[in-house]
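Student: Read top to bottom, the protein sequences are chains A and B. Read in order, the letters of the first sequence correspond to residues 0 to 719 in numbering that gives the first Met the number 0. Read in order, the letters of the second sequence correspond to residues 0 to 196 in numbering that gives the first Met the number 0.
Each hint should be verified, as a subset may be incorrect.
[To be verified] Simulated crosslink set (DSBU-like; lysine-lysine; CA at most 35 Å straight-line):
(1) A:K226 to B:K17
(2) B:K28 to A:K375
(3) A:K375 to B:K10
(4) B:K155 to A:K570
(5) A:K13 to A:K461
(6) A:K408 to A:K226
(7) A:K479 to A:K455
Just so you know, these hints were derived from the structure itself, not from any lab.
Residue strings, one per chain:
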Amino acid sequence: MENPTFYYDNKIVKSFAYATLFWGVIGMLVGLYAALQFIWPGLTFNIPYTTFGRIRPIHTNAVIFAFVGNGMFTGIYYSLQRLTKARMFNDVLSKVHFWGWQLIIVLAALSFAFGITTGKEYAELEWPIDILVALIWVVFGWNMLGTIIKRRTQHIYVAIWFYIATFVTVAILHIVNSIAIPVSLFKSYPIYAGVQDALVQWWYGHNAVAFFLTTPYLGLMYYFLPKAANRPVYSYKLSIIHFWALIFLYIWAGPHHLLYSSLPNWAQSLGVVFSIMLIAPSWGGMVNGLLTLRGAWDKVREDPVLKFMVVAVTAYGMSTFEGPMMSLKSVNAISHFTDWTVGHAHIGALGWNGFLTFGMLYWLIPVLFNTKIYSKKLANTHFWLGTLGIIMYAVPLYWGAITQALMWKEFTPEGMLRYPNFLETVTQIIPMYATRAIGGGLYITGVLFGVVNIIKTVKTGKFVGDEAASAPALVKAGGKAAGESTHRWLERKPVLFMILAVVVILIGGLIEIVPMYLIRSNIPTISSVGPYTPLELHGRDIYVREGCYTCHSQMIRPFRSETERYGEYSKAGEFVYDHPFQWGSKRNGPDLAREGVVTGRQYKPNSWHYQHMLNPQALNVQSIMPSFKWLISNKLDISTTARKVKVMQFLGVPYPEGYDKIANQDLIKQATEISENLKASGIQCDPDKEIIAVIAYLQRLGTDITRTGPAVSFPLSSNK
Amino acid sequence: MDLNENRPVEKDELTGDKIISGHEYDNIKELDNRLPGWWIGLFVITIIFAVIYVFRYHIMHSAPLQENEYRNEMIAAAEKYKNTTTSATVDTATLIRLSDEASLATGKEVFTKNCVVCHLAGGQGIVGPNLTDEYWIHGCTFKDIHNTITVGVPEKGMISWKAQLNPLQIQQVASYVMSLKGTNPPNPKAPQGVKCE
Chain A
0 MENPTFYYDN KIVKSFAYAT LFWGVIGMLV GLYAALQFIW PGLTFNIPYT TFGRIRPIHT
60 NAVIFAFVGN GMFTGIYYSL QRLTKARMFN DVLSKVHFWG WQLIIVLAAL SFAFGITTGK
120 EYAELEWPID ILVALIWVVF GWNMLGTIIK RRTQHIYVAI WFYIATFVTV AILHIVNSIA
180 IPVSLFKSYP IYAGVQDALV QWWYGHNAVA FFLTTPYLGL MYYFLPKAAN RPVYSYKLSI
240 IHFWALIFLY IWAGPHHLLY SSLPNWAQSL GVVFSIMLIA PSWGGMVNGL LTLRGAWDKV
300 REDPVLKFMV VAVTAYGMST FEGPMMSLKS VNAISHFTDW TVGHAHIGAL GWNGFLTFGM
360 LYWLIPVLFN TKIYSKKLAN THFWLGTLGI IMYAVPLYWG AITQALMWKE FTPEGMLRYP
420 NFLETVTQII PMYATRAIGG GLYITGVLFG VVNIIKTVKT GKFVGDEAAS APALVKAGGK
480 AAGESTHRWL ERKPVLFMIL AVVVILIGGL IEIVPMYLIR SNIPTISSVG PYTPLELHGR
540 DIYVREGCYT CHSQMIRPFR SETERYGEYS KAGEFVYDHP FQWGSKRNGP DLAREGVVTG
600 RQYKPNSWHY QHMLNPQALN VQSIMPSFKW LISNKLDIST TARKVKVMQF LGVPYPEGYD
660 KIANQDLIKQ ATEISENLKA SGIQCDPDKE IIAVIAYLQR LGTDITRTGP AVSFPLSSNK
Chain B
0 MDLNENRPVE KDELTGDKII SGHEYDNIKE LDNRLPGWWI GLFVITIIFA VIYVFRYHIM
60 HSAPLQENEY RNEMIAAAEK YKNTTTSATV DTATLIRLSD EASLATGKEV FTKNCVVCHL
120 AGGQGIVGPN LTDEYWIHGC TFKDIHNTIT VGVPEKGMIS WKAQLNPLQI QQVASYVMSL
180 KGTNPPNPKA PQGVKCE
């Protein structure tokens, strides 16, 4: 009997490949633009849409979800069809997935530029786009699972295990972390607050790295590396062990982003130990990749595809060792809040994801177009520029990070901070930022060469949209055969495999997150901590809108060097009304957790904040903060106050019954006080301006635990 | 059931490793290699580390959790710096204005690092008052100025500097501030306070 003929859908692969390159270039250029702002803060041109706080999410989301996302789909749509000997389940689903994903990217970029953000890193999208992401992700999963189910092969290959784990875990992470109550079409408050929000966010954030940047790319590695090298995979047994160990252990490690924070110690310790236990499972992937090349190292010297892949896998090995090391508390005490984290992330993004993507594309594009790469020499140039770029990007940041961290922690012989002025520690490392920007520039130059090379390759080739193939139909093998290992049997049961993967990834998350809600002692309450006033709430929302958290933390760690600089270290009970939490992860400027404490080291009067937002360089010539002068002219929209108060009440914030109706009276009262205070300092600013709300919020920060007596009560008394 | 499972053992020609029969996916084969010993060793060591870590911090309590670690650090610092003179313990009555060039130069350095953010580089004032004119809000003698810097006027935004500057630095910067009088920097802030001397 002749085998039936069917056709692989190469058109969808091509679309995703082009999108990968397109968004890759855009995402990286935005990154370069952000890097240059560290050297020339004036590059924002004093307009809202270009400030670091808004373009940083554009950069991170573009690189993660647009570049790597499309790269992942390119590889999955190509390899899945070959590995299952089947065309994609449904062409319409493929198209909906492709265009839906591109639409999400465009909406994301626009919304971030306009300040529409949830303020949660790598999950900044507001609720309508979040829903769209969930829908399109389900379309992807449906299409993938449909293809797997109608496959013509008996077993599913290790690459597909990773694809399945990616699909289910990202779906769960995205949905759980994004649950929020809408205030309007463009604004919502997450249901979690403070410590709980932080834990859920970093459970998500860390596992976005794990299941969006790692597992799908390990799947791609398991397909494209053996294909490109024409070598068998080193060890099937290692694949099994490292796959299950990786997905089980990864999910626990999120709290390592919150070491020395107000997160309870037990959760921090779980983050530490599970990160350390992740080294071997992560390296399992690297070992299986590199040892697959045994006997073929001569090819690596010749073939740019393999060169890219070898550096990618090596970068993966480096960053999965570095990550656990940064999860040790003694290292984290230095590395956290510095550029070390940024350097680490870029070893992963530029090295692992970037190079694996380009390695894959240099192999795939000639295959799709039935030709050879246009210029091997150009591809090699791309490779070397990229490698040099990664080194010049990361090394200066490590150097600068350690320099800055040591400056933050240095004391004089009298026991005082050697560098009490935060800015001094920034100015010191500006040359490092300049070198970093050059490194990034080199990397992008390489990418542009790559794009040219690929365009030329495409022009010389002949594309076949529907590639004919044939394979015998699948005859179900039935129950477990004698001598068949359990895992081998499981590889014939993709749905069961998926269910098992869900169980394995849920364990860690449930054990960490559930007790944080159920056990009250995890977040000891502080009686003097009260809800924000309506004006402060608006100010906080503007703080989120402008992405202040991308440069300023609100988390004073329990170190003498931090309490001497910023004041009393942060307590879990201080954040119970923070929807979302704004602890931040990087200090390009000082921590603001105690900004409002009048007797504190960081205190600044209202007039200072006004002048500083208007023109930071007028006060600090060397400051790298951009101007936020539109806050001074923008009128505060108080039509949303009632709705905001009601949503907060729904989330358990104890405003009195009916307060939403009178909240604006309190708002106007407080705004007038600040306006008058500014007037006394010679500044004319009407109470209805956004800056007034921001000042109110900044002056509230960190003050509640220094209050004597009970928490602020509503409506506000007039003798504030 | 795989049709190929009973075929003779196939070996990889380059490495001689056993190829697992029946494992072929779009021409990708898999080798029957065992897990590398060092890899298993590494995994076991990290698991032992994890157990010991949790045991020490949460069961034996033989390593300090962060709150205790902080307390220990503060106790150690208090002990280390107990004999150090700080601005808080200096007797202001014995302080005098410095006029030597080296002291004023250091005073200027302290001023540039810490004070210009409110008083601007020339001392002409913006958020804080003009320090170059004849008008003073909290007194114009050396002792007054020294005191204002040391204890601050927090409700007006002038923080206390005694925790960030040592006694000599405060003396130097106060002396430098006094030397600014009459320097006429550009765009001075309007006079505040009362005319002095």
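Student: Taking the hints in turn, state whether each one holds.
Tutor: Hint by hint, here is what the structure shows:
{"no.": "1", "hint": "A:K226 to B:K17", "verdict": "holds, 19 Å"}
{"no.": "2", "hint": "B:K28 to A:K375", "verdict": "holds, 28 Å"}
{"no.": "3", "hint": "A:K375 to B:K10", "verdict": "holds, 33 Å"}
{"no.": "4", "hint": "B:K155 to A:K570", "verdict": "holds, 28 Å"}
{"no.": "5", "hint": "A:K13 to A:K461", "verdict": "holds, 13 Å"}
{"no.": "6", "hint": "A:K408 to A:K226", "verdict": "violated, 50 Å"}
{"no.": "7", "hint": "A:K479 to A:K455", "verdict": "violated, 51 Å"}
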